Amino acid sequence: MDHYFALLWQFERVYAGRESLRGQRHLNGTGPAVDYLDRMIEWHVSEWAARWLDIRQHIR
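The sequence shown begins at 1 in my numbering and counts up by one.
Just so you know, the hints here were simulated from the structure itself, not pulled from any lab data.
Certain hints may be false.
Claimed, not checked - Between beta-carbon pairs, the in silico distance windows are:
1) Glu42 / Phe5: 35 to 43 Å
2) His26 / Tyr4: 35 to 43 Å
3) His26 / Ile55: 31 to 39 Å
Since we're looking at a predicted model, the values are computed, not measured.
Just so it is clear, CB atoms sit at the ideal spot from N, CA and C, and this is done for glycine as well.
Please build the complete structure, drawing on both the sequences and the hints.
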């Protein structure tokens, strides 16, 4: 369970950073940084979502 929650915490940290960048888009043009971040994490989030049902069975 520790590893599971550590991973979730990392997703939360990435999301918080993304929202911070997105909020500054109009002030200092962080749009390209948000787009880059989205491209970099897209595969990881997609894989997590695709495997969620299997993962869930292992942590019950």
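Kindly indicate which numbered hints from before are broken by the structure, ordering the numbers from low to high. 1
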